Amino acid sequence: MPPITLSPNTVAIHPWASPSGRARAHRTLNAPLYLTTQWEGADLPELAELFMKSPDRGFYTRFGHPTTRIAEEKIAQLEGADDALLFASGMAAISTSLLAVLSSGDHVVAHHALFGQTLQFFDYLVTTMGVQVTFVDATDTMNVSRALRPDTRVLYLETPSNPIIDILDIEALASLGHTAGALVIVDTTFAGPLVQLPLALGADVSLQSASKSLAGHADVLAGCVAGSSEIIARVRRMRNLTGPSLDPHASWLLLRGLQTLPLRIRAQSDTAARVAGQLGAAAMVSLLRYPWHESHPGHAIARQQMRCGGTMVSFAFHGGSAATRRFVDALEWIPLASSLGSVFTTLEVPDELDFAPEEIGERAAAFAMPPGFIRLSVGAESADDVLADLARGLAAVRA
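Counted the way the working numbering counts, the sequence shown spans residues 17 to 415.
One thing to keep in mind: the hints can contain errors.
[To be verified] Computed beta-carbon distance windows for the label pairs:
hint, residue 1, residue 2, range
1, D167, R253, 22 to 32 Å
2, E246, T150, 36 to 46 Å
3, L63, L403, 57 to 67 Å
4, S244, T21, 13 to 23 Å
Rather than coming from a laboratory, the hints here were simulated on the basis of the structure.
Here the structure is a predicted model, which is why all the values come from computation and not from measurement.
All C-beta atoms, glycine included, are put in the ideal place defined by N, C-alpha and C.
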């Protein structure tokens, strides 16, 4: 009998829904958790076999772990990838992937509006490894076309981007990158595999912070990378050398979080769409960014490459930072927090947190990010409660 094809919702829930049937072999509904870092071999040949097959069988947890492997196989299925790897954080996934594919003197083209620490890591690559990086506004594909060179090894994209929520045309940009011989890497943290599939659109690598929507409960720090077997083998070698493997207990918590991913994404994106409508109708809002809101300049592309608008909304007020402070002070229960993607609705003011004060002006100009810009991560609470608290903030700005 040929294998059945399961929907992403089913894959996310069942730990045994993997090609290897690894978890099902234990006859447990939940994936088993092995609290050990080492495995013994019955004899020297078996120990050598464990070493050679450590990603799939227990040998030493830095090289691989059975619980982690179940989670990696699940993420690979959700991403439509040959394979996937888990890391101790999203930045570990990003930095290890770039170190695995770049050498001194290589050239990178990257979208200019990236997660702050990703920008800092590119600066590190420039100053310590001699990597050349050209930052462009990749919302215009012509900018990327002009920046690509014969020595460009990586085209690095982030869409939707953090925090300005730029939408990049993955399919068009991947085609440009491949024509130039570049590897196309997409950070899809603001979307995730139930919202957007970069590999299906032509990207070579899809990576994200699994701390966010994949785990979903603000209690796991993790990152993941998905791609072809050849690329993942290169990244795995670098992970084994540098050591940022994911703790098996965190892998188990991630698996538990994935079980509710379909429900969370549906509820949170529905509320986020309502929030975008509320903010879009408010006269004091000067800028609104939500991928599926008709005011977004990348709205048409987002409708093509995203299954829904996602859970992130960004906006700003005509009154700038002073209006933002009034808005935040009037909120009764939505907390200020620096991360995103969990069941909790949270907000952050990036120009107050992400960079040193002297860097804010330069960053804001590059990203078209006005003073007091707010990044809102919409959670799974009652949509009416979220809208009511935001209405209190809007009333304070209006006053």
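L63 versus L403 beta-carbon gap, inside 57 to 67 Å or not: Check passed, 59 Å falls within 57 to 67 Å.
If you check the beta carbons of E246 and T150, does the distance land in 36 to 46 Å? The hinted range 36 to 46 Å is violated for E246 and T150, with Cβ atoms some 26 Å apart.
With 13 to 23 Å as the target window, see if S244 and T21 comply at their CB atoms. 20 Å, holds
Between D167 and R253, does the C-beta distance stay in 22 to 32 Å? 23 Å, holds
In terms of the numbered hints stated before, the structure departs from hint 2 and from no other.
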